[in-house]
Amino acid sequence: MRYLTLALAKGRLAELSIGLLEGAGLDCSELRENSRKLIFADKKNRVKFFLAKPADVPVYVEYGAADIGIVGKDTLLEEGRDLYEVLDLGFGKCRMCVAGPKELEGRMDSITITRVATKYPEIARTYFRHKRRESVEIIKLSGSVELAPLVGLSEVIVDLVETGRTLQENGLVVLDTIADISARMVVNRVSMKMENERIRELIGTIRRQIQ
Amino acid sequence: MKRWNMYTPEGVQDILFDQCRMKRKLEAELRNLFTSHGYMELETPTIEFYDAFGGEIGLIRQESMYKFCDAKGRLLVLRPDMTIPIARVVATKVRNEHFPLKCCYIGNTFHFDELGGGKQNEFTQAGIEILGIHSPESDAEVITMAVKAVKACGLEEFQIDIGQVDFFKGIMERTGLSPDETEEVRELIDRKDFVAVEQVIGRHNVSDELKALILDLPGLFGSKDILAGISREHIGEKASAALDYLQRVLDILEDRDVGRYVSIDLGMVQSLNYYTGIVFRGYTRGVGFPILSGGRYDGLVSKFGKDCPATGFSMGVNMVMMALERQNRSNNERPGGILVTYEEGGRKFAYAYCEKAIGRGLVAEMDIGMGGIEECLNYARAKGLDRVMLFCADGTVREFERGRDI
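Quick note, the sequences are listed as chains A and B, same order.
Numbers in the numbering used here are just positions in the first sequence, counted from 1, shifted up by 799.
Numbers in the numbering used here are just positions in the second sequence, counted from 1, shifted up by 338.
Take these hints with a grain of salt, some might be off.
According to the in silico footprint, chain B covers these stretches of chain A (three or more CB under 8 Å from chain B) [what the hints assert, rightly or not]: (1) 862 to 868; (2) 874 to 887; (3) 982 to 989.
Worth flagging that the hints you see were computed from the coordinates, not collected in a lab.
Remember, predicted model here, so these are calculated numbers, not experimental data.
Glycine is no exception: its CB is placed at the ideal position from the N, C-alpha and C atoms.
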């Protein structure tokens, strides 16, 4: 039997995924050990796992280097890859939001936004172009996006909001929600067909666990 | 200023000797397959007017095409597709041919980030079109040819997934959703995004039976038994007729002995403004992208002013090569050959020998002043030649063989 390959987004999502995969009868012990190995295997079930940077998971799956991926909806929206998105795993829940200073609350429609700072330029561009029909300058940052409106780099930001505490502590509020985010299971288009039975079975057992 | 003379632009590649030989061989196999089944080859220009693909016709997205201008300032593109130019030809130039018309092509297309090219921007497509007929037999014929084409390339393990976009259209018409909303649902179903399909359908006032069916759509793929499991009660005439049509195509494929390569995917609903009935895609191991795609496009030729039903498929030759390599099926044997060299006085005989060998169908080449027998042997070694023939001054001939002397 051919090996099925799973790509997991490094970090918290991977930790939460391991529980689900073990619940589906896969042996993730190699993955739990903190080794420097890059690829882990469950030889009995003929499944391989590897950890990748979240943004790379959809890339591995789209090219078929991994058959299945577990990654956040934020990454999927940002990367815009051609994949089958088969399951909402329900964990890693948060929201993709437009946020800004308190003064802007409720005034989103009456002000003209010219600059938006974000770690997610594609999501921000699509939102402002299609939903708000505005041409804005997107400024890509790598972290601490909340800083941008405070120091005058941009009027608003587009970022993930989990509890809203970071925003609150910096005097920012959510102005609009772009999308609800959670961990998703994605499958390569060809693998879904060539390995139909095994992949469907795996989806089925995982779905039963989360329901 | 950075100089770019050493590089090729993004998304295009040089295809060097071994690969090129393999590619030409595949192309020859495919051409032979198509023409031996009655398909007539045609060639259309690499450059076309933008209006044939984009703009009002709206078939290909503006940003996915290479564009430039002609001397009069009109917008041109490098052809992003082979089927649309053939539709143009058939609508405007074909007058005396009898329909149905069967044609085939092999040519390069240009497209930014196209799936069929495996993310290459220039890729070779080989395919067939049948124009002027709407029948289950013609759809089955095209799918049969697709199966034969994959086999002709040397791939054994592959699968052709067949869908029917009229089934989806029929169901969506009954929901009363607007074209934009239908398009949104189509995209989600094509991505098998079960989650979002449910959210979107939940927002609309759709009967429970139809809702259940639409939610099932992304999962309606696999063996042919799926068709029998669909209840016809609530789907309406159009969707029901679409299923009957699909069943007829499948029955024909059974009789043509290609049924075992075929499976069903009713959730395969790619771009509705192009396809109008049966659609299909071919998959194999080792490449994460389809190696071929096709289907019925009865509305396309009429965009060029003539009503004419049509169906066809095109195969990505570069993708097939990648699959062959990944599955270790690529036949990379060098063709071998003979190098003919000579000492002073032997040149005339050497040349005559070389010509004769070529005439017998062997690969042979003359020494072009490489500077002695040692250099000739090195050349032969590096190139994988079978033999070096040395025509000596005294009229004798020495033979050096691969494995023994080379």
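> Taking a Cβ-to-Cβ distance below 8 Å as contact, does the region 982 to 989 of chain A have at least three residues touching chain B?
Replying inline: holds (count 5)
> Mind checking, does the region 862 to 868 of chain A have 3 or more residues with a CB under 8 Å from chain B?
Replying inline: holds (count 3)
> Do at least three Cβ atoms from the region 874 to 887 of chain A come closer than 8 Å to Cβ atoms of chain B?
Replying inline: Since 7 is at least three, the answer is holds.
Checked against the numbered hints given earlier, the structure satisfies every one of them.
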